[in-house]
Structures are given as structure tokens and as C-alpha cells.
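Chemist: Chains as they are written, first to last, in UniProt numbering: chain A, 1 to 184; chain B, 1 to 184.
Read the hints as simulated data drawn from the structure, not as lab findings. Note that the coordinates shown come from a computational prediction; the quantities given were computed from them, not determined experimentally. We put the CB at the ideal spot given by N, CA and C, even for glycine. Some hints here could point you the wrong way.
What the hints assert, rightly or not - Derived contacts from chain B toward chain A, CB cut-off under 8 Å, selection only: (1) Gly13; (2) Ala16; (3) Arg98; (4) Thr139; (5) Arg142; (6) Phe145; (7) Asn149; (8) Leu161; (9) Asp169; (10) Val170; (11) Ala174.
Unchecked claim - Residues of chain B placed beyond 10 Å of chain A at every Cβ, according to the derived structure: (12) Ile4; (13) His36; (14) Val37; (15) Val85; (16) Asn100; (17) Ala127; (18) Gly177.
Number of protein chains: 2
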Amino acid sequence: MLDISVAAFNDRGYDATSMGVLAERLGTTKSAIYYHVAGKEDLLRLALDKALDGLESVLEEPGARNGSPADRLRFVLRGAVLVLVRELPYVTLLLRLRGNTELERSALERRRRFDHEIATLVDLARADGSVRTDIDSRTITRLLFGMINSIVEWYKPDGSLTPDQLADDVIAIAFGGLQQPAER
Amino acid sequence: MLDISVAAFNDRGYDATSMGVLAERLGTTKSAIYYHVAGKEDLLRLALDKALDGLESVLEEPGARNGSPADRLRFVLRGAVLVLVRELPYVTLLLRLRGNTELERSALERRRRFDHEIATLVDLARADGSVRTDIDSRTITRLLFGMINSIVEWYKPDGSLTPDQLADDVIAIAFGGLQQPAER
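Construct all of the structure, not just a fragment, from the sequences and the given hints.
Modeler: Next up, the structure:
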């Protein structure tokens, strides 16, 4: 039920997806849906938790907490790519939120905290010389996320590019781009 | 009228923005809007043309047509960043399209042709050794666009980062990431 609801939200936009549309996509009635959840916002909450729990769990792993800042950054970026691919429709929904309701704003706030942890790793890696210092660290972080988050828009889970290869490619391009220009 | 309509589409999603909502945002009546346009799809068409005409015009400039593939790629990426920033709300609308109508699909097709021109430059630059060959060129192109397109989600036109500085930063990170690993 959650999978199909999230697919509908992603196809039409959450705001434009009524309970009537959901019932049709689920092949059931509105009252049958209301038997399970209080409304479509409950479905949104469950879906956003799935995406955010996945991303946040990456930060709890030992690889995200131990080692050099560059190694930790590499670990977290790889983990984020793998979560994006594993929870593709859920992260897609998260990334398309506009923050129109309290629930959406609180999910965006959790996402900002996740982004902030990565910005901190970028700062640490700049401080020890493993990431270029000629570009503002917020710009670096945002462009990195832009690259990674775009995966939800184009990655085909049934294509030939495996999640691990994709993660390797992202890390190779990102760390190439983040090196001090003098080192090249 | 177009500016305010596009802001409403971007805030709420195009599908969820009714003519009633548009009238309210414009401080006018639905019939006053219908005096100027046949419906909200006309507004969408005008807005998408503005974004696409801007992007396509970059490809017509001499810098996009002459020089080495790497120089042409650099020119086009810089031009794309500057159009994104100049036409921010219009490109935002374009990038959020889901392709639910004929008009949306035809705009997405024009955007795909633009992306395809850049993919061709990436291929040419790979062929002459100026872009890494260890990563699939479609993956490279998509990650590049992901980075660049993300600008519409976070760039603040009234902030301290100028469009030219942003374009420099994007080019520096992108070309760092695209170099052959052996060269570093």
C-alpha cells in the first residue's frame, strides 16, 4: 500500500494526489484506506521516515565516525548513494518536498541535519588539506548533493549500472573535483 | 503575470495550482486571466519556452561551436549555469516537470535534445583524451547535469555568490572530476 501510494505521489505530486486517486491506484475504496491510516498525510509520514531513517543510519556506521575526514566523507557519500538507490521512490518523494505543511517542514529539517553532517566532514577535510580550499565549502556541499540527489531522477534499477558501480563513479568524480587544483 | 504564475506553480506544483489560486495570487479574477490566456497551460507554455530558448541559445554561440571539445564543453556548461541563474524560476519549473501532458512531454523532449548536445561534447572530449574514459559517458553527463541543475534548488540570487563565481566553481569542480585519474 505504501509503495503504490508513493508511486502515485511521485507521478502526480503529493498535493495533487487525492484520496480518491489513491483508492483508484490501490484498487480499493477510500474507506478501506481510512481503515488503515488517518489520511494521506500518514502515508507521507511513513514514506519520509523510510527515506530519512535510511540516510541517517549511514551516519551511525563505524565508517562514518572513524578515520580521516576524507575517508569518512567517502564512506558517507557512498552510503548515501546506496540508500538513494535502495529506497529510490521514498528518497524521490523526500527530495521533491516543498515544505508546505508542518510534516513536510519537519522532514526537510531532518534532511538539513543530514546535509549539515556532510558539510561538517567537508570542512574537516578542507582543514587537513584533503579537499580544495579555493571554493566555498557550502558551494562544494551543495554541488555534491546536487550530483548525488540527481540519481533519483535518472537511475534505472533494472539497467546495467549496478548500485556499487554507480557509487564508485560518484566517488571518483566527486573526489576528482574536490582535490586541490595545485595537486593535479 | 507570468512571473507571479510561475512562482505559484513552483510553490505548489503546476497540477495543484488551479486558476482560482492563480487569480488570488495575481490579485485579479479568473475571467481577467482568461482575457489574456486560454488557460493555465498557456502560461506554462510561455514559461517553458523562456527556459528552453535561453538554454538552446547557448548552443548557438560561437564558443559552443568552435574550439576543442573540452573548451566547447566548458563554454556550454558555463552558459547553462548563467541561464539557470538568470531564468531561475523558469528553469525550476522546467526541471520539475513530470511529463503528464503533451505540452510537458514536448518541453522534456527539447530539454533532452539540449542534454544530448552536451553528451556529444563529453564523448568528443573523451575521444581526444581530455575527459576520463574510466566512467560511462552517460553517467558522467547525468552527474554533471545533476550538479548544475541542483543550482535552481539552492542558489539565492541576493546572496554573496555571484553568477560568474558560481559558474567558475562549477567548472572547476566538474573539470577536476572529469580529468583522467592518471593525470592527477
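Chemist: Each hint: holds or not?
Modeler: Hints, one by one, checked against the model:
| no. | hint | result |
| --- | --- | --- |
| 1 | Gly13 | holds, 4 Å |
| 2 | Ala16 | holds, 4 Å |
| 3 | Arg98 | holds, 7 Å |
| 4 | Thr139 | holds, 5 Å |
| 5 | Arg142 | holds, 5 Å |
| 6 | Phe145 | holds, 7 Å |
| 7 | Asn149 | holds, 7 Å |
| 8 | Leu161 | holds, 7 Å |
| 9 | Asp169 | holds, 5 Å |
| 10 | Val170 | holds, 7 Å |
| 11 | Ala174 | holds, 6 Å |
| 12 | Ile4 | holds, 17 Å |
| 13 | His36 | holds, 24 Å |
| 14 | Val37 | holds, 21 Å |
| 15 | Val85 | holds, 13 Å |
| 16 | Asn100 | violated, 7 Å |
| 17 | Ala127 | holds, 19 Å |
| 18 | Gly177 | violated, 3 Å |
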